[in-house]
Amino acid sequence: MNNHKFFHSVYLNEELCNGCINCIKRCPTQAIRVRNGKAVITSQFCIDCGECIRICAHHAKRSNYDRPDILSNFKYTVALPAPSLYSQFNNLDDINILLTALIYMGFDDVFEVASAAEIVSEVSHKYIDEHPEKWPLISTACPSVVRLIRVRFPNLIDHLLPINPPVEVAARLARKYAAEKAGIAPEDIGIIFISPCPSKVAYAKEPLGTEKSAIDGVLAIKDIYPLLLPLMLEAEKSPMNLSRAGQIGVGWGSHGGEAAGIVTDNYLAADGIDNVIRVLEDLEDEKFSNLSFIELNSCDGGCVGGVLTVENPYVAQAKLKKLNRHLPEVVTHAPADLTEEEIYWTEEVEYLPVFRLGDSMKESIMMMNRVERLCQKFPGLDCGACGAPTCKALAEDIVRGKANETYCIHILKDQIHSLTRSMNSLVNSASAYEMKGNDYRYIFKQYLKTLLSDISLLDAALNLNKEDKDE
Amino acid sequence: MENSLMSLKYHVSPTDFTRAGEASSDVKNKLKKLGVPPEIIRKVAIAMYEGEINMVIHANGGDIFVDITPDTIHMELKDVGPGIEDIDKAMQAGYSTAPDDVRSLGFGAGMGLPNMKKNSDTMDIQTVLGQGTTVIMTVNMPE
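Residue numbers (the working numbering), protein chains in the order written: chain Y, 12 to 482; chain R, 47 to 189.
Bound conformation, chain Y alone:
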């Protein structure tokens, strides 16, 4: 399998990880295990949704993204602010203040993702209208949703809306316009996206539906937020007229905005990764008839809920709504010179059966039968002490050759109990049959050896980190 397909933005800071089970329990694709006291992400399973970042109390889960000094790598830079950025500030009533502050920050120009979103809305509306045979079309703006479908819902791949996400369209148009406007070679232009989430950081490196993304760098909203605040105070005095987005584009920042922009009345919009999975499961069983469009956002509340944002998603949603009240409905329309390549997917998204157990059906069946037998043996508590999120996940790890039964502390505990019982009866029978001293000692020692090795396994399972800390 092609490894480059699994570039990830999410990674672990080992020093901060204390080996607890919060992230393994939260991960929607069961991609994380705790091994040797540290969380380990299985690359093929990870969809970069960022839920582990959200839940980790020790801030050990991180997202890769660029630092603001990336601007100095290019002759000319264009900022691509996500609509969710607009929702992070108190009492922002003019988007131009924010966009002007981005220019003060050092960007040469801005191209709002919200503006490209209006183009995407227009093209999507038309595409959905013209392709009833593909209904319901599933939104492809959230890369984590597309990645999830790619590994878990093969039968829904044909329903994916084959249109680039607004950020990609923005990047392509921004480069084209900047080259025309400033007369600079396209490769000297840096297109820098300001992102609410790690999912889009991964997208920029390893896009879906297109071979190469036009995004050159990605900054995190939370990183530039403190830089923007003082600059916005300055920008407020005389904001430049930069904004090209209306309600439809800005609305994409929160849940339901995309569907509203596509102007269809038979749609469904779900947010939060667990809800997304539930909808996809039902969709797979063909439970929804007559829907033309399904909007799915991995984060609660939509993009405003991204883990790289600073504001509470629901407060952010309210702010976005308030800001939107003053805007015209649509500002940007699909330009006449918009090319197919700028707006449509040029590559198919292919099913990656990463969860498959064996190489052949026969082997897989044998492995799954073993999984079932192991599950009977395990206590079914899903306690996570073995480092896998559920007993079943541990059983699958075992048949994949990545773990063994003694990872289960309950099984280990039972073994120790049974050994102590045997030792006890040995001592009793030894005195009853007047066993010779040497034989007695030898057998007793063998038992003790097994018992001690089991206890040390138990210690290893429970105390790995403690040892690390003691050192």
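What the hints contain is simulated information worked out from the structure, not anything from laboratory work. Hints are supplied without guarantee of correctness; some may be wrong.
To be verified - EDC-like mimics (lysine to aspartate or glutamate), calculated; alpha carbons at most 16 Å apart, straight line:
1. Lys-373(Y) - Glu-189(R)
2. Lys-79(R) - Glu-383(Y)
3. Lys-79(R) - Glu-374(Y)
4. Lys-373(Y) - Asp-113(R)
5. Lys-79(R) - Asp-370(Y)
6. Lys-298(Y) - Glu-68(R)
7. Lys-55(R) - Glu-383(Y)
8. Lys-164(R) - Glu-297(Y)
9. Lys-145(Y) - Asp-169(Y)
10. Lys-403(Y) - Asp-72(R)
Chain Y is already provided as a structure; the job is to place chain R on it using the hints.
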């Protein structure tokens, strides 16, 4: 050969719509882990889901037995419900005997059996009025 057979058994609880679909969903996820081709998974999932819902709506639940081999997926849906009075009618798209309260939940569109037939390679219905119904469906793997 015993090892290349996987046998599954599910109990479908009567009139519990919150749990209807659990069995077919479990089978669907297992088939994905087995590496079954997506179009086969789709057929099995839909055929079994419809059958499971039928058992909840009409038959006070029942039991489902699924046998999976590298060549075929065999599903047996057994209930001790009222039986089907007129199979030919029940096979017609749009025909339903579902009560109104069930229809108001969005079920009972009369597509159950036709959809099961459409998505399986063979389907056999054995039914005795007042005693119950057994539906046996198979879906074959591609050559």
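Each hint tested on the structure:
no.: 1; hint: Lys-373(Y) - Glu-189(R); in the structure: holds (15 Å)
no.: 2; hint: Lys-79(R) - Glu-383(Y); in the structure: holds (13 Å)
no.: 3; hint: Lys-79(R) - Glu-374(Y); in the structure: holds (11 Å)
no.: 4; hint: Lys-373(Y) - Asp-113(R); in the structure: holds (13 Å)
no.: 5; hint: Lys-79(R) - Asp-370(Y); in the structure: holds (11 Å)
no.: 6; hint: Lys-298(Y) - Glu-68(R); in the structure: holds (14 Å)
no.: 7; hint: Lys-55(R) - Glu-383(Y); in the structure: holds (12 Å)
no.: 8; hint: Lys-164(R) - Glu-297(Y); in the structure: holds (13 Å)
no.: 9; hint: Lys-145(Y) - Asp-169(Y); in the structure: holds (7 Å)
no.: 10; hint: Lys-403(Y) - Asp-72(R); in the structure: holds (13 Å)
Hint violations for this structure: none, all hints satisfied.
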